[in-house]
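From first to last, the protein sequence lines stand for chains A and B.
In terms of the numbering used here, the first sequence is residues 83 to 375.
In terms of the numbering used here, the second sequence is residues 792 to 1170.
A portion of the hints provided could be inaccurate.
[Stated by the list, open to error] Computed list of lysine-lysine pairs in PhoX-like fashion (alpha-carbon distance at most 20 Å, straight line):
#1 B:Lys1044 with B:Lys1034
#2 B:Lys859 with B:Lys1047
#3 B:Lys1034 with B:Lys1047
#4 A:Lys204 with B:Lys1034
#5 B:Lys911 with B:Lys928
#6 A:Lys204 with B:Lys827
Hints are computed from structural coordinates only; laboratory data are not their basis.
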Amino acid sequence: MDYSWAPLMGSLVLGLSIASIWLVAALGLTIIYGTAGVINMAHGEFIMLGAYAAYCAQAYLGTPFLLCLPISFVVVALIGLFFERVLIRYLYHRPLDTLLATWGVSLMLTQGVRMIFGSSPKYVQVPEFLSGNVSLGIMNMSSLRILIVLMTVVLIVGIWYLFYRTYFGIKIRAVTQNREMAASFGVNSERIYMCTFALGAGLAGVAGCLFSALAIVLPTMGSNYVVESFLVVVTGGGPLVGSIAASAMMGEFKSFFSYFFNSTFAQFLLFVLIVIVLRFRPNGLFANTAVRR
Amino acid sequence: MPEEDSALVMQYAIDEINEAGGINGSPIEPIIVDAKSDMNVYAQKMRELILRDRVISVFGCYTSASRKAVMPTVMSRDNLLFYPTCYEGKECSQNIVCTGPLANQHSQELIPYMVENFGKRVFFVGSNYVWPKESNKNARIWLDDAGGELLGEEYVPLGSSEFGSVLNKIRRAKPDFIFSTVVGASDIAFHRQFKQAGFNAEDMPIASLTTGEIETRAMGIEYGAGHFLSAPYFQALDNPTNKKFVDGFLGSKYGKSGVTHYNMEETYNSAYVFKAAIEKAIDENGMENVTPRLIRDAAAGVRLSADVSPEGEVWVDENNFNTWLVPKIGQCQEDGSFKIVKTADSHVEPLPYSIYPDAGTCTAQGLKLPSGSIRKDVI
């Protein structure tokens, strides 16, 4: 096999792409878990709903693919808001119950979508310029993967700005660090949780819209992404920077392991590696030192 | 993925049989269960069907994993499974009748055709489970015979939608064509990312064993056009029986899929194999004495004429209860239909142990070992 540096560069670029896919899938989960401490088992199904929102917008309204991104965000954010209001908000101080309740929501959503749309896969069309490939000498990347990388960067910058440069962000961080203390200063923590949950769901929707073009739209597609999302969040430890670091690490390792061995063995090695990391850093790479509820 | 449409075509076939008078005047009563692609559910539903609902035969399963999940129950209760799709062989159970192609029937025509028309250098890509691996073992033999060269063999986890590293390897290996046994959702992701990575079907076609009309429509026709499929049936087959099947099914209340597919046709045929077999069993034993075992014995050598089977005449092998059929190669066109570019000269015999000559041969009583002794229920 050829071990010159050109294919290694190719693997590096691919690792970046895999990392961006996992990170964009995990963003919503990171925010919800990092802020409210809710382990959202329905996260994969929110991704799936984003894909179906894109499919519906395209099939029934003829919306171009790029416009489906904000539509998916809004639709899934509203669905997330609904579940937060009727269910999750009663369970914030009972983490095990949220686990069970959100898992129930995930089953409901999968089965509901299957009843409405059937279990055959749906097709989302992408514009011509996104179905090609960009070649820079030795490196190749499909335009769609470049779009995913760019969207991930945009979303991260957006979240960073929201959290660290706005008044709303100060309130989110205050509630994250100490809910009671924040409340005593007049921050409406319930409203903050509600907004964060909707935001997290909306981000999952954007991810779903992107994945609808990359892979397949199926009622069960969420389960493909939820495992990687949880690994990113758990390995990262909760905060945004942790998820970024964890996904970058996992994406590159996955890509290089796949290059040297094969995809199946790469997955095995990656999981072993994560177990080892968690053995020595049980709270993740960037564990939140603030008070955990 | 094609399971839902196969369930619909089964109901269509049962309605058709019942309208024509059923089995000796009694209608077939279907019980439909959804195993949700979960192997535990498959096993549990199979127990319910056999023990509670007391069915006389079961039709279904798609992946080899699901078949292997239900067969212990089917065999221990001596029931009968009609398995209507392609599989790898290497089994000799006395409780199964299969109407799809075995691995030895599947790639025998495809590999030489691709080598002849596109070149000798080939890359194998498959999902990581038993059927792709066994199919690739067969394909390697045909490839050697055709003088081809295997550049690489990659397996991705079942259900995975990440083909970046596989495509990078393909880019470096520069094969003349790709032989794919990627299944289900992964197959769709593979074809999409193949085109998105800048490859095209003219320079490097994918020769698949599974990418049919349903899969092509789900991935988007522009991603499927130009690639090849080996199957015993295509919607585009030009014969009166197929025209009747396509028009009848798509015009019926079950025809919402909009296309027909090799898997659906194999399911349709399995209903007629069942009809022929149970009628024969009733003739020989009387209505009240019929058991699944007698139906299976009666299925030996059952012939579906070209007036019944949309793919043309097929018959069930008397020893291993797989089906003699004519493999065909189709190329996906711009409109999503397949153009048949090659049809095998004659029926190909199903050989479940073709690449394991030392394992023995499958007979109606069980696997006949080289030592002469017989092992029953080999899965």
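Status of the hints after comparison with the structure:
1. A hinted pair counts as satisfied when its Cα atoms are at most 20 Å apart, and Lys1044 of chain B with Lys1034 of chain B qualifies at roughly 17 Å.
2. A distance of roughly 30 Å separates the Cα atoms of Lys859 of chain B and Lys1047 of chain B; the hinted pair therefore is violated under the 20 Å criterion.
3. Of the supplied pair hints, the one linking Lys1034 of chain B and Lys1047 of chain B holds, its CA atoms being roughly 17 Å apart against a limit of 20 Å.
4. Annotation: proposed proximity of Lys204 of chain A to Lys1034 of chain B is violated, straight-line Cα distance about 27 Å (limit 20 Å).
5. For the hint linking Lys911 of chain B to Lys928 of chain B, the alpha-carbon distance of about 17 Å falls within 20 Å, and the restraint holds.
6. Note on Lys204 of chain A and Lys827 of chain B: the hinted pairing holds, with a Cα-Cα distance of about 18 Å set against a maximum of 20 Å.
The structure fails hints 2, 4 (numbered hints given earlier, in ascending order).
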